[in-house]
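All chains, full assembly: derive it from the sequences and hints.
Those sequence lines, one after another, are chains U and E.
Residues 1 to 290 in this note's numbering are what the first sequence spells out, letter by letter.
Residues 1 to 174 in this note's numbering are what the second sequence spells out, letter by letter.
For the record, the hints were derived by calculation from the structure and aren't laboratory data.
Keep in mind that the hints are not guaranteed to be accurate.
Claimed, not checked - Label pairs and their computed distance ranges (CB to CB): (1) E:Val132 to U:Phe26: 27 to 33 angstroms; (2) U:Val67 to E:His130: 34 to 40 angstroms; (3) U:Arg35 to E:Leu118: 22 to 28 angstroms; (4) E:Val114 to U:Gln83: 41 to 47 angstroms; (5) E:Gly103 to U:His79: 45 to 51 angstroms; (6) E:Arg96 to U:Val43: 31 to 37 angstroms; (7) E:Arg2 to U:Leu75: 49 to 55 angstroms; (8) U:Met12 to E:Val132: 37 to 43 angstroms.
Backbone N, C-alpha and C define an ideal beta-carbon position, used for all residues, glycine too.
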Amino acid sequence: MRRKRANISRGMLFAWGMGIGLLFLFAVPQRTSDRIQLTYARVFRWPLAAGHGLTLAARDVALPHGVTEEQYRELLANHHEIQNVIANLQAKLRETQSQNEMLARLRAKPGWETVPIQLAPVIVGVGQEQNELIIGRGKDHGLAIGQFVMSLGEQDALRQSESVVGTITSVDARTAKVRLLTAPRDPKAPRESGIVVSIGSLSVRPLLEGSGGNKARIPLVKVDGNNIGKGDPVYVQKAQGLDVPVIAGRVTQCVRSREDPMFWDITVEPVCDVSGLREVAVVVPFVPVH
Amino acid sequence: MRWIRFAVLVLAASILQASLMDMLRVRRDVKPDLLLVLLVFFGSRCNSTHGVITSFVLGFVADLVSPIGGVMGPRIISFGLFGTLLSDVQRVFSLRRPLYQGGAIFLLGVLTAVLSYLLASLRTEGGQTHLVTLFLWQPLYSGILGPLFSLPVGWWMHMNRRNRSPFARGPRVR
Numbered sequence: 001m002r003r004k005r006a007n008i009s010r011g012m013l014f015a016w017g018m019g020i021g022l023l024f025l026f027a028v029p030q031r032t033s034d035r036i037q038l039t040y041a042r043v044f045r046w047p048l049a050a051g052h053g054l055t056l057a058a059r060d061v062a063l064p065h066g067v068t069e070e071q072y073r074e075l076l077a078n079h080h081e082i083q084n085v086i087a088n089l090q091a092k093l094r095e096t097q098s099q100n101e102m103l104a105r106l107r108a109k110p111g112w113e114t115v116p117i118q119l120a121p122v123i124v125g126v127g128q129e130q131n132e133l134i135i136g137r138g139k140d141h142g143l144a145i146g147q148f149v150m151s152l153g154e155q156d157a158l159r160q161s162e163s164v165v166g167t168i169t170s171v172d173a174r175t176a177k178v179r180l181l182t183a184p185r186d187p188k189a190p191r192e193s194g195i196v197v198s199i200g201s202l203s204v205r206p207l208l209e210g211s212g213g214n215k216a217r218i219p220l221v222k223v224d225g226n227n228i229g230k231g232d233p234v235y236v237q238k239a240q241g242l243d244v245p246v247i248a249g250r251v252t253q254c255v256r257s258r259e260d261p262m263f264w265d266i267t268v269e270p271v272c273d274v275s276g277l278r279e280v281a282v283v284v285p286f287v288p289v290h
Numbered sequence: 001m002r003w004i005r006f007a008v009l010v011l012a013a014s015i016l017q018a019s020l021m022d023m024l025r026v027r028r029d030v031k032p033d034l035l036l037v038l039l040v041f042f043g044s045r046c047n048s049t050h051g052v053i054t055s056f057v058l059g060f061v062a063d064l065v066s067p068i069g070g071v072m073g074p075r076i077i078s079f080g081l082f083g084t085l086l087s088d089v090q091r092v093f094s095l096r097r098p099l100y101q102g103g104a105i106f107l108l109g110v111l112t113a114v115l116s117y118l119l120a121s122l123r124t125e126g127g128q129t130h131l132v133t134l135f136l137w138q139p140l141y142s143g144i145l146g147p148l149f150s151l152p153v154g155w156w157m158h159m160n161r162r163n164r165s166p167f168a169r170g171p172r173v174r
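Dropping the structure here:
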């Protein structure tokens, strides 16, 4: 028996096709379209996954002989970790090189060849008036109470280079607290707790004590007919490992003392802007081991 | 027309398009469109009735595999429309030469992409699609590689013979 041939005109086929297309475009909800696409992906999951795997394999580098894909992935993960470690070490190396450069600059100056120095990063400024600093070195690095802390002339070598900014007041294993020269003196502390300084060419060695507000003072100085002018340098004297006097500030005011008019009260302003410090140098005196 | 072979071919092409064609990817997202190549192949070698059917079927599969804007429908319409037009045009122009085939693939690629994009934008916002890739690079790449697929597809579909059935509505080759 002869099979009856379906006789559908070309125009009708075209109309049907367009109708189906328009139906999908405007009438079929997006959720249904998604479901059809997902069904296709689910039904042909295996060949699609195999093709995708082949594509990925073709993109990957050919594995060396005797290395499985799992081993390769493990090695790749290790490689990435090692890259991170190298990046960290490189950062540390750059920091150390920078510190070495600073130390080398310092050592090149006359009088500084033998001064034992430990560089320390400034972690944070402490206190209402930023009278203290916390630095990232401690007992483990040889720091002890009373040691001098100096600024390094990183940005402006002429103005800030090697000036004493304070002393260590408390020390932990890996951190230490620095009391700035300008920090007000504890009223209970003896007057001798100040820092021995010299002013310009004067022969006297008075004590410097902080007065707050980024100022320090040298009370009761016997001038002996020598003039003290505004801008005269104030040096911290050799002590605690310092082999040379180091500038700490400059005289901003010199007036007769109210306690005893025979003496003078001198106001000193530090030469270093502590707020811009990122790194300081601590003078760590050599202690012989018995 | 051998419909079972056609079904197997379209299925294989859809799977290849969704997976292995990534191996031929250039730049970031330009890869040949196998379904477009098949559209031109069947549009230029089938009689017009079969041309209409194959065009819409290929459009449906293209919407399944790589829908524009995630919407189904635009490629059914654009493939159906331009595939039908091609099957009409091939009565006048023979598209058997690789150069003509490549040109036809590029032209149809551009036209179907533009129409599909416009239709899809009726339903969704245009958004993230990279238009130069969609309208130019992809059709161009398909046009360059497309003629290479004609020989194996013709062999599979038994359409590489130069003489065609006298009952077909397409042009006779003497």
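Distance restraint hint 27 to 33 angstroms, applied to the beta-carbon atoms of Val132 (chain E) and Phe26 (chain U): For Val132 (chain E) and Phe26 (chain U) the Cβ distance comes to about 28 angstroms; the hint holds.
Between Arg2 (chain E) and Leu75 (chain U), is the Cβ distance one that fits in 49 to 55 angstroms? 50 angstroms, holds
C-beta pair Gly103 (chain E), His79 (chain U): status relative to the range 45 to 51 angstroms that was hinted: 48 angstroms, holds
For the hint 34 to 40 angstroms, verify it against the beta carbon of Val67 (chain U) and that of His130 (chain E). 38 angstroms, holds
Could you see if the CB distance from Met12 (chain U) to Val132 (chain E) stays within 37 to 43 angstroms? 38 angstroms, holds
Using the Cβ atoms, figure out if Arg35 (chain U) sits within 22 to 28 angstroms of Leu118 (chain E). 25 angstroms, holds
Does the hinted range 31 to 37 angstroms hold for Arg96 (chain E) and Val43 (chain U) at CB? 35 angstroms, holds
Between Val114 (chain E) and Gln83 (chain U), does the beta-carbon spacing fit 41 to 47 angstroms? At 46 angstroms between Cβs, range holds.
In this structure, none of the earlier numbered hints is contradicted; all agree with it.
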